[in-house]
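> Listed below, chain by chain, are the residues.
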Amino acid sequence: AQRVTQPEKLLSVFKGAPVELKCNYSYSGSPELFWYVQYSRQRLQLLLRHISRESIKGFTADLNKGETSFHLKKPFAQEEDSAMYYCALKMDSNYQLIWGAGTKLIIKP
Amino acid sequence: NAGVMQNPRHLVRRRGQEARLRCSPMKGHSHVYWYRQLPEEGLKFMVYLQKENIIDESGMPKERFSAEFPKEGPSILRIQQVVRGDSAAYFCASSRFQETQYFGPGTRLLVL
Numbered sequence: 178a179q180r181v182t183q184p185e186k187l188l189s190v191f192k193g194a195p196v197e198l199k200c201n202y203s204y205s206g207s208p209e210l211f212w213y214v215q216y217s218r219q220r221l222q223l224l225l226r227h228i229s230r231e232s233i234k235g236f237t238a239d240l241n242k243g244e245t246s247f248h249l250k251k252p253f254a255q256e257e258d259s260a261m262y263y264c265a266l267k268m269d270s271n272y273q274l275i276w277g278a279g280t281k282l283i284i285k286p
Numbered sequence: 127n128a129g130v131m132q133n134p135r136h137l138v139r140r141r142g143q144e145a146r147l148r149c150s151p152m153k154g155h156s157h158v159y160w161y162r163q164l165p166e167e168g169l170k171f172m173v174y175l176q177k178e179n180i181i182d183e184s185g186m187p188k189e190r191f192s193a194e195f196p197k198e199g200p201s202i203l204r205i206q207q208v209v210r211g212d213s214a215a216y217f218c219a220s221s222r223f224q225e226t227q228y229f230g231p232g233t234r235l236l237v238l
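As they're listed, the protein sequences go chains A and B. Note that the numbering used here has the first sequence beginning at 178, numbered continuously upward. Note that the numbering used here has the second sequence beginning at 127, numbered continuously upward.
Don't read these hints as lab results, they were simulated from the structure. Positions of the beta carbon are idealized from the N, C-alpha and C atoms, including for glycine. Any given hint might turn out to be false.
Part of the chain A face toward chain B, derived, beta carbon under 10 Å [stated by the list, open to error]:
#: 1; residue: Leu188
#: 2; residue: Ser217
#: 3; residue: Arg220
Mimicking DMTMM-like on lysine to aspartate or glutamate, the simulated pairs with C-alpha atoms at most 20 Å apart in a straight line are [as the list claims (entries may be wrong)]:
#: 4; chain 1: A; residue 1: Lys234; chain 2: A; residue 2: Glu257
#: 5; chain 1: A; residue 1: Lys186; chain 2: B; residue 2: Glu166
#: 6; chain 1: A; residue 1: Lys199; chain 2: B; residue 2: Glu166
#: 7; chain 1: A; residue 1: Lys186; chain 2: B; residue 2: Glu167
#: 8; chain 1: A; residue 1: Lys186; chain 2: A; residue 2: Glu197
#: 9; chain 1: B; residue 1: Lys170; chain 2: A; residue 2: Asp269
#: 10; chain 1: A; residue 1: Lys234; chain 2: A; residue 2: Asp269
#: 11; chain 1: B; residue 1: Lys153; chain 2: B; residue 2: Glu198
#: 12; chain 1: B; residue 1: Lys170; chain 2: A; residue 2: Glu257
#: 13; chain 1: A; residue 1: Lys199; chain 2: B; residue 2: Glu167
Label pairs and their computed distance ranges (CB to CB) [to be verified]:
#: 14; chain 1: B; residue 1: Glu167; chain 2: A; residue 2: Pro286; range: 28 to 38 Å
#: 15; chain 1: B; residue 1: Lys197; chain 2: A; residue 2: Ile283; range: 24 to 34 Å
#: 16; chain 1: B; residue 1: Met131; chain 2: A; residue 2: Ser205; range: 33 to 43 Å
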């Protein structure tokens, strides 16, 4: 069955340190992967999608089909990055999003 | 563009009552998705609707839950005879066709 796993419920790093939020998926077809972010008291918003191959707010994520991973990375964390981060999988020719449980990122000053 | 709107933001119901959750999609969006998030869990797909049509309700519980998206007005997720296990955050998203989904702020339902 299709599944998205975010192994860390909570990740706490110091400001300026590198950040990596892990996301692994289980799907045999052609996946489309997303990272969504939810800042405190705000709605879920799309951070980035793998097909865009873009960097948003300094974050990047590379789809590794061999390892079935889509880890989110940022070289230097900032306090405003503190939020909940969700990884989501969209299966080919489908509209459903399969979600990970989320990782709470706390950036310490 | 005001984005996806959901109301109410918080809803408290006693067991056995009905809960109605509303979702107004972004302007120009005709596709609506409902998700449920239980505490400590990710979002779970419930139903996908287009105007006046339910396209996929495979994630909806078989009983007590229903959804509609009328020609005019918001999409409504209706839960009859609520039970404590229905307490959750319910998110609505909208899209043009089956493209990127934009989310509303959610409705937090608490069943006493």
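> Regarding the hint that Leu188/A lies at the interface with chain B, is the smallest CB-CB distance below 10 Å?
Check failed: Cβ of Leu188/A comes no nearer than 16 Å to chain B, outside 10 Å.
> Holds or violated: is there a CB of chain B closer than 10 Å to the CB of Ser217/A?
12 Å, violated
> Checking one constraint from the list: CA of Lys170/B to CA of Glu257/A, max 20 Å. Satisfied?
Distance of about 27 Å is beyond 20 Å: violated.
> For Lys170/B and Asp269/A, compute the direct alpha-carbon distance and say whether it is at most 20 Å.
18 Å, holds
> Hint validation: Arg220/A versus chain B, beta carbon distance must be below 10 Å. Holds or violated?
4 Å, holds
> When you check the alpha-carbon spacing of Lys234/A and Asp269/A, does it fall within 20 Å?
Cα-Cα ~27 Å, so violated.
> Can the suggested window of 24 to 34 Å be confirmed for the beta-carbon pair Lys197/B and Ile283/A?
At 46 Å between Cβs, range violated.
> Are the Cα positions of Lys186/A and Glu167/B separated by 20 Å at most?
The hint holds at about 10 Å.
> Please verify whether Lys199/A and Glu167/B have alpha carbons no more than 20 Å apart.
Cα-Cα ~16 Å, so holds.
> Indicate whether the distance between the beta carbons of Met131/B and Ser205/A respects the range 33 to 43 Å.
Between Met131/B and Ser205/A, where Cβ atoms are some 38 Å apart, the hint holds.
> Straight-line Cα separation of Lys234/A and Glu257/A no greater than 20 Å?
10 Å, holds
> With the threshold set at 20 Å, check whether the alpha-carbon distance from Lys153/B to Glu198/B stays at or below it.
13 Å, holds
Of the numbered hints given earlier, the model fails hints 1, 2, 10, 12 and 15; all others are met.
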